[in-house]
Amino acid sequence: MYELSSNFLFISFICYIVATFFFGGSMKVNDQGPNRWATIGISITILGFLSQITYFITRWIAAGHAPVSNLFEFITFFGMMLILAFILIHFIYRLNIIGLFALPIAIIIIAYATVFPHEIKPLVPSLKSYWLHIHVTTAALGEAILAISFITGLIYLIKNINQSKSTKKTFWLEAVLYFLITVVAFILISTAFNASGYEAKYNWVNKDGVKEEMIYNLPSIVGPHKGELTTEGKFEALAEMPALINAKKLNTVIWSIFAGIALYLVIRLIIRKRIGAFLQPFVQKVDSDLLDEIGYRAVAIGFPVFTLGGLIFAMIWAQIAWTRFWSWDPKEDWALITWLFYAVFLHLRFKRNWQGEKSAWLAVIGFAIIMFNLIAVNLIIAGLHSYA
Amino acid sequence: METFKCECGHLNHVGTVICESCGKPQDETATDLLDMKYEGTARRSIVNNQTFIDKVWMFFSSVKVAVVIIIITLIAAALGTIFPQRDLLPPTADPATYYQDEYGTFGKIYDFIGLDNTFNSWWFMLLVASIGISLVICSLDRIVPLYKALNKQTVTRHPGFLTRQRMFGTTKVENITEEIEKAKKNLIKKRYKIREENGNILAEKGRFSRWGPYVNHIGLIIFLIGVMLRYVPGMYLDKALWVQEGELKPIVGTNQNYYIKLNDFHMETYNKKTEGKVYEEAIERFGNDKIPKNYQADVTLYKRQGNLIPGEEPKLTKVKDYNIRVNEPLKFQHFALYQVDYKIGEFSAFLFTLEDKKTGKKLGPLKVDLQNPKEVYDLKNGYKVELRNYFPDFYFNSDGVPDTKTRKPNNPAFVFKMTTPETPKGEVAFVAIKQNIEPDGVNKYKMTFAGIETKDSTGLTVRKDLTLWLLGIGGTIFMIGVIQGMYWYHRRVWIQNQDGEIWIAAFTNKNYYGLKQELKKVLGDTKIELPIDQQSEKSV
Amino acid sequence: MIFLHMGGTAYMKKNRTLIRTLILLIMVAAIGYTFYINFFKEDEVVSKGSTAPNFALTELNSEDKFTLSEQKGKGVIVNFWGTWCEPCKREMPFMNELYQKYKDQGIELFALNADESEFSVKKFVSDYKLTFPIAIDKDQEILNIYGVNPLPTTFFVSPDGKVKRIVTGQMTSTSFENYIKEILPK
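Residue numbers (my numbering), protein chains in the order written: chain A, 1 to 388; chain B, 1001 to 1540; chain C, 2001 to 2186.
If we strip away everything but chain A, and leave its shape as in the complex, we get (with noise of 0.2 Å):
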């Protein structure tokens, strides 16, 4: 059952790569409305979608659990949220550039959860409660649809920024896609290693003068306090660090920006321009108010949504799992914050001038903020509600 639920995620995976072509096609066509190559191309994502759905359910028969108890299934459930956001914003709007730049990002959203491991777990016993089931899928489902705003957003912004020299904002949006670039990277790096199996093992010293064992999957570049390497013809650490600093985390971070970098600088070799300006001419036909309008309608659909999942029903699950409904703990803090930010955006909207461009930067800096979340609260603070 567990093998035949990771097939069905790889079929839906690959639904989505070549949906994308699809949706790339159709620009050729026109922007907005029905075409041939539109209604293949949201025929195979539903397609996907059905066989992502069929994912979920056949690891939930297995697990015995619903699959949303780990970073490795949350991140590929928010995922699929995203995929239902962006057809049922489809079915609304019938703006093809979406599915250009949504399925991307979903797909690379579910090759980022695939670095983590993703063999079934069984539930602790502050995850038993059937609040895993409503709480986490209603704030995976809030975020999705609030991430459709991001990608309105970014659209918007690739379209309208002019390029024609640089600024600060032809350097900012190049960092918005310098960032996904990297995340790609960090797959592919990270997928490289741990398909050869690259394992090392360091001892070290950790800052309370005790030795622990620090297991490496990819090359060291930053090595642990006092790290001894103990497998053999392994590569040594360039440089050692202060006790206090998680050196593994930091070298995957280490990684990630380098690669990054490279596979960015190899782009814009090729494409001899900024990514940004590259991309403009497929957008040109876009309607930028409209844009502007399904951003603002996904962040006034998606917000209620993350309230009473991310907020709501998040505080009546940890009152009954952890006797407060609010303990200040990062992730409980960044949910907060990601609601007050969006609720600035509600507000700023009011003004005219607010409207348009400045939106579309709200929502890429609201999206970041959820990355924020889901990314660095997750690994890096760690707290009660790491589950990763």
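Careful, some of the hints might be misleading.
What the hints assert, rightly or not - Calculated pairs, SDA-like style, for lysine to any residue (alpha carbon to alpha carbon, straight line, at most 20 Å):
1) A:K358 with A:W172
2) B:K1516 with A:D289
3) C:K2164 with C:K2186
4) B:K1408 with C:K2123
5) B:K1273 with A:A62
6) B:K1343 with B:H1266
7) C:K2089 with B:Y1395
8) C:K2014 with B:V1014
9) A:K351 with B:M1036
10) B:K1290 with A:I215
11) B:K1290 with A:S126
12) C:K2065 with B:P1314
13) B:K1384 with C:F2119
14) B:K1055 with C:V2028
15) B:K1184 with B:F1168
In short, the hints are calculated from the structure, not lab data. Nothing here was measured: the structure is a model prediction, and the numbers come from that model.
Since the structure of chain A is provided, determine the placement of chains B and C on it from the hints.
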């Protein structure tokens, strides 16, 4: 309050952008699209800011100010996550030194600024209080004028109003009345409420969604009131209660009215042998028996009968048995007991045998209860062991004498006097874990360790929270308001007979795309042309 | 509705200011109270001047029963202690002496042990030859009611049942005697 008269005869407050009644834009020279915020009514506070109170009021009624306060709060909350907060530190950590020890200079600065206790600090509470004040004043300041404006609006709008709507268009038709009738029928089919005047139409639906934001603000205000109420004594309780297996203890915070007895505590872990094959890989990765499966405290709840003077034995009646698990607290009255922590294997009794060193003959075993040790242990036939001194948490104090650190049996030590027929005067031995001292020279007998008994303890949290219902109501009202405001739209369509032309304008507070789709359907079978989106044209 | 313009504008303006002042005052008061409770009010269970909560005890050796309320008319010293607590050990000798001196003048002394084993307490009592009533405070019930934190903590209760003085930490013989004098019945 100063007012002025519009050309239609209606009195508007100074500062009104659009006449409340006929919609005439007061700035006749402007040609850009009308800002329809709050129907163009004057915010109460802008009108008159003479007194100090008015100035304070005006400050808090500004949305810009509210946004700034929210952003500051947001940033403060983010800073509070850089390092673990003071009350989330591991129990063994000393807050005074932890930050510097763990995080070096940055940690020291963090502690110094006070960020280690961000969320309980006065300035953070002040920020939240400011958001609350802003919620109240912003809402009060706008809801009344908005209500009046929407109630007072007339059907026939000033031409200036129509031309400056986002959706506007004119069409020359032959049978104006007939076409308007057709449109009217279609609008009714789309559930619009129609008001007519002189052949002109105002079609409106979804006005209730305009109140959404005010409803959700009320929800937030109630929620914040609930939060404030927690500080009132008696409303909120959060205490820890440790109970050992076999112990009967009064439940702290219930005024000795309720008692709890722990019958058994157990915890289970996931073991490869007992779990399904599907979990095998995960269990291997984390370690067999390393992933917790269940923490459970099997308890009995008792209620005290009659009056009680503390120190007396209470008269108790059993209320119920319950197994407290994580996610399954024991609830009674307004209290709830949660399974939070545990200690396994605390020493509860030591067993000893009295051993003849020469022959190896052992007598006993005798059991020394570490909570309440007996003084004399009679092994019959002239063999007797007396407990001379007992140190539950033994150490050598500053005078070099054995002493105890606490009352808990963490490291028990004993002074035994052993009397046997062979040694009728008795021999003294000092016995501790891995230590055996014979102060009178070499003894013939010794006390050998024969085993231990342990007991588990559960760490419960006692919670009483009378504010939860209020917070729940606040949250519910917030959700209603937010759904009311976001998932429905206030739409209006004006169709007017203007000098032989049909003038049509439309407005919605959200989702112009949907409005346009709807207008296509409404006007589809009429000769009236679709109004143009004037904003789209202008923005290109 | 208050904001409807009926009557003169001056009347309305005054009315509006009044309403706003009222609303602001209510909010400030509520927030102020919350701040006060959170930051300034001490979590005191039993404090100076309050009535000492009643309790019952069974004397360790004699098994006599006492209650605090029965002692009305006498000055009562309620001392919380433990055998591991160094300052307690230093206090005990002169507490014993002064008890002997004043017990016939209407003073009672109850020493409540923080729930140690009978063995340890009995040994301590016989080692230090203590003569005043000692009892074991099971589950530290009375200790919790009195809000005691560090040991030793001693409450001096005047004959009318009110707490005259709370002393945390070790006392000197002189100060102890002075405190006794404060609660001597007239």
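Hints that the structure is at odds with (numbers, increasing): Violated: none.
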